[in-house]
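First to last, the protein sequences are chains A and B.
Residue 146 in this note's numbering is what sits at position 146 of the first sequence, and the numbering runs on without skipping anything.
Residue 165 in this note's numbering is what sits at position 165 of the second sequence, and the numbering runs on without skipping anything.
Derived by calculation from the structure, the hints in this document are not laboratory data.
Careful, some of the hints might be misleading.
Claimed, not checked - Simulated pairs of lysine-lysine, BS3-like, Cα-Cα distance not exceeding 25 Å:
no., chain 1, residue 1, chain 2, residue 2
1, A, Lys108, B, Lys389
2, B, Lys351, A, Lys56
3, A, Lys25, B, Lys379
4, B, Lys528, A, Lys96
5, B, Lys366, A, Lys27
6, B, Lys366, A, Lys25
7, B, Lys144, B, Lys128
8, A, Lys108, B, Lys379
9, A, Lys24, A, Lys123
10, A, Lys25, B, Lys351
11, A, Lys27, B, Lys351
12, A, Lys24, B, Lys351
As a plain string of letters, each chain reads:
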Amino acid sequence: MDMFRTLVVDDEVDFLETIVNRLKKRKLDAIGVTSGEEALALLKEQIFDVIILDIKMPGGMDGIEALREIKRIQPLVEVILLTGHASVETSIEGMKLGAFDYCLKPIKFEDLLQKMGAAFGKKSTHDKKIRDAKIQELIRYPSKVFDQD
Amino acid sequence: MEIYKRKSIYKNLQRKIIIIILCVSIIPLVFLGETIYYRFAETYGEKIEEQIKYRVRSVSDGVEVFLKERTAIVATILDTHSFDYLKQQENLARIFKVISRRTDGLIDLGVIDSAGQHLAYSGPYNLKGLNYYQQGWFNEVMTKGKYISNVYMGYRQLPHFVIAVRGYSNGQSWILRATVDSDIFNKLVRTAQTGKSGDAYIINKNGIYQTAPRFSGKILGKSNIPLTLFGRSTTVAEKIKDNGKTKHVAGTWLKNNEWLLVITQNVGDEKGGLLTTRNTEIIIIVFSCLAIIMTTFFAMRIIFKHLEEADKGISELNDQLIQSDKMAALGKMATGIAHEINNPLAIIGEKAGWMRDLLVEEEFQKSENFKEYEQSIDKIEEHVERARKITHNMLGFARRMEHRLDDVDINHVLHQTLELLQSYAQTNNIEISKDFQSELPIIASDQSQLQQVFLNLINNAIDAVEKDGWIEVKTRKKDSQIVIAIKDNGPGIAEEHLKKVFDPFFTTKETGKGTGLGLSVSYNIIKKLGGTIKAESKPSEGAVFSIKLPISQSFNVRKVRLMITKFARLEFELFTKPSKSDFLRVHQK
Numbered sequence: 001m002d003m004f005r006t007l008v009v010d011d012e013v014d015f016l017e018t019i020v021n022r023l024k025k026r027k028l029d030a031i032g033v034t035s036g037e038e039a040l041a042l043l044k045e046q047i048f049d050v051i052i053l054d055i056k057m058p059g060g061m062d063g064i065e066a067l068r069e070i071k072r073i074q075p076l077v078e079v080i081l082l083t084g085h086a087s088v089e090t091s092i093e094g095m096k097l098g099a100f101d102y103c104l105k106p107i108k109f110e111d112l113l114q115k116m117g118a119a120f121g122k123k124s125t126h127d128k129k130i131r132d133a134k135i136q137e138l139i140r141y142p143s144k145v146f147d148q149d
Numbered sequence: 001m002e003i004y005k006r007k008s009i010y011k012n013l014q015r016k017i018i019i020i021i022l023c024v025s026i027i028p029l030v031f032l033g034e035t036i037y038y039r040f041a042e043t044y045g046e047k048i049e050e051q052i053k054y055r056v057r058s059v060s061d062g063v064e065v066f067l068k069e070r071t072a073i074v075a076t077i078l079d080t081h082s083f084d085y086l087k088q089q090e091n092l093a094r095i096f097k098v099i100s101r102r103t104d105g106l107i108d109l110g111v112i113d114s115a116g117q118h119l120a121y122s123g124p125y126n127l128k129g130l131n132y133y134q135q136g137w138f139n140e141v142m143t144k145g146k147y148i149s150n151v152y153m154g155y156r157q158l159p160h161f162v163i164a165v166r167g168y169s170n171g172q173s174w175i176l177r178a179t180v181d182s183d184i185f186n187k188l189v190r191t192a193q194t195g196k197s198g199d200a201y202i203i204n205k206n207g208i209y210q211t212a213p214r215f216s217g218k219i220l221g222k223s224n225i226p227l228t229l230f231g232r233s234t235t236v237a238e239k240i241k242d243n244g245k246t247k248h249v250a251g252t253w254l255k256n257n258e259w260l261l262v263i264t265q266n267v268g269d270e271k272g273g274l275l276t277t278r279n280t281e282i283i284i285i286v287f288s289c290l291a292i293i294m295t296t297f298f299a300m301r302i303i304f305k306h307l308e309e310a311d312k313g314i315s316e317l318n319d320q321l322i323q324s325d326k327m328a329a330l331g332k333m334a335t336g337i338a339h340e341i342n343n344p345l346a347i348i349g350e351k352a353g354w355m356r357d358l359l360v361e362e363e364f365q366k367s368e369n370f371k372e373y374e375q376s377i378d379k380i381e382e383h384v385e386r387a388r389k390i391t392h393n394m395l396g397f398a399r400r401m402e403h404r405l406d407d408v409d410i411n412h413v414l415h416q417t418l419e420l421l422q423s424y425a426q427t428n429n430i431e432i433s434k435d436f437q438s439e440l441p442i443i444a445s446d447q448s449q450l451q452q453v454f455l456n457l458i459n460n461a462i463d464a465v466e467k468d469g470w471i472e473v474k475t476r477k478k479d480s481q482i483v484i485a486i487k488d489n490g491p492g493i494a495e496e497h498l499k500k501v502f503d504p505f506f507t508t509k510e511t512g513k514g515t516g517l518g519l520s521v522s523y524n525i526i527k528k529l530g531g532t533i534k535a536e537s538k539p540s541e542g543a544v545f546s547i548k549l550p551i552s553q554s555f556n557v558r559k560v561r562l563m564i565t566k567f568a569r570l571e572f573e574l575f576t577k578p579s580k581s582d583f584l585r586v587h588q589k
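This is chain A alone, in the form it adopts within the complex (with noise of 0.2 Å):
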């Protein structure tokens, strides 16, 4: 599996700092914040691949409004949202706002490494995408790359 960076957002503190480790454990790059808005002051700094983001978060911003930021701040970010909370109405909207799954704890560690990997390998190909695009785009237009100096 690539390497790719990992954030985790949950409240509840003995599972964030438990996936954390068990992620750094496979050597995965895996932060752990315990709130929305951490998680967003967060991406505003540094690009991530893969975000796991609880949806019941009482106290503070919610998943759901986490999500929306998320997908504002860094589109081409992968979310899988993970919750005990499953609801019709809150999967509903957070796949309308691009959430790449949506599951429910407790799940199994392997399978969460394996929606990660796939939420990656999403992420990869749109990346490599946007690449190539702008590779043709630089080949069309060579006079571009002057033009963004």
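Assemble chain B onto chain A, guided by the hints.
The following block gives chain B in isolation, referenced to the frame of chain A:
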């Protein structure tokens, strides 16, 4: 419990209604019967009194006439013949013979001089030569000139009375005396002794019987009738109690208020007609009451049976509602519990996983309890998985409370429904035409519930048309909705019914044919599926039921189904706006 309580309430209510109905119908009936009876009895009594009065009057008139006639005969003889002539035995005998031939009622005739000496006598007894100077009646006639005696025994020792008239001849008074035939006189009075208990007799002013009474008493005996009952020289009728029985007693004074004619009659004997009337009336009233009681009981039983049945239906419906409420609440609770457990479960699972991750490290591998740790972690993970399955199943149960959503092809569902009803329609000679729009969008909905609605509506249409008509089923896509219209050429729905057709229990079908729930259930189903249902009708132009189902809903519903029920991978692009990559893909082409 509820049912039993209601049963006792109904029993109570039934009893009360029965009592009220019986009271308001039987009491007036009995009251009316009583009133009629008493009015009738009163009139009847008055009539009887009138009758007795009339009888006593006519008998008294008869007696008076009898006495006057006899007195007149005696007086005429006295006036037309001289004393000297009459005191000759043979002359008197001749005259008496003539009288006896022409009239009855006189037994003998005698001439008495002023000294009371019986000078001549013609009759069955040998009374000639007797002296009457000491007799009461002699003095009376000498004073009054004309006298009718009371009944007395006299020389002959038989009850009789005399009519005596005083005359003057040669400065001397003399008397012509006749004895009245008691038999004929008694017979005259006896004519008024009618019926089984009717009595008639004459008493004098001392209460002594002048004629023989029919019951209790003999001639010249003392009567126990109080004379004060009767007014002077007037005819009165009174009632007195005698041996517990009511009697009518009528009396009138005769012979210058010296005699009293009394007629008595037991009330019971005379009231035979009244009793018959009363019995007939009682029989009619009793039968009427029986009819009322039976009808009331029968009607109440039927009404309350229907009421109880209806109540049972409602109660069953209520139970179902409560049951579905319970299930919904249970579903909600299950969801809540599952959600609350999912988070700690996730932590346990992850912690166990973390321990497993750590076990890989060399230092743990060397531990003598390594196997124990590994087994424990296996167990923890195994049981987390077990608990996970339970909570996820609980969420699944909660979702089953909602509609089961499938991809539904409306045309196909209608087609299936019509196939079910085709033969029923054909037997009634009803032609069903289909006007389906081809390539109608597939929507996500509850196929079986929709089928129920269509079945209801088309069935209703067939019932409305009854025989020889047509039904048109039409589908159209209109904006973001699918419109299904079911039209018939039946009698239509009256304007005042149009508003109520979707109300529960509203039906115009005859009793037992429709529950009034079909359209109400259809309405609720369509509403839950996010659509609308509407009825339109013009009298005698048939009715149109149109259903509108949203198409956009299918989008959401399908998402829910895919994401929540299966948690499977989605075809992501379906739900997002064209992404940059899509744009680029298009652009590349």
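Structure-based check of all given hints:
no.: 1; hint: A:Lys108 <-> B:Lys389; verdict: holds, 12 Å
no.: 2; hint: B:Lys351 <-> A:Lys56; verdict: holds, 21 Å
no.: 3; hint: A:Lys25 <-> B:Lys379; verdict: holds, 22 Å
no.: 4; hint: B:Lys528 <-> A:Lys96; verdict: holds, 23 Å
no.: 5; hint: B:Lys366 <-> A:Lys27; verdict: holds, 24 Å
no.: 6; hint: B:Lys366 <-> A:Lys25; verdict: holds, 20 Å
no.: 7; hint: B:Lys144 <-> B:Lys128; verdict: holds, 24 Å
no.: 8; hint: A:Lys108 <-> B:Lys379; verdict: holds, 15 Å
no.: 9; hint: A:Lys24 <-> A:Lys123; verdict: holds, 21 Å
no.: 10; hint: A:Lys25 <-> B:Lys351; verdict: holds, 13 Å
no.: 11; hint: A:Lys27 <-> B:Lys351; verdict: holds, 18 Å
no.: 12; hint: A:Lys24 <-> B:Lys351; verdict: holds, 14 Å
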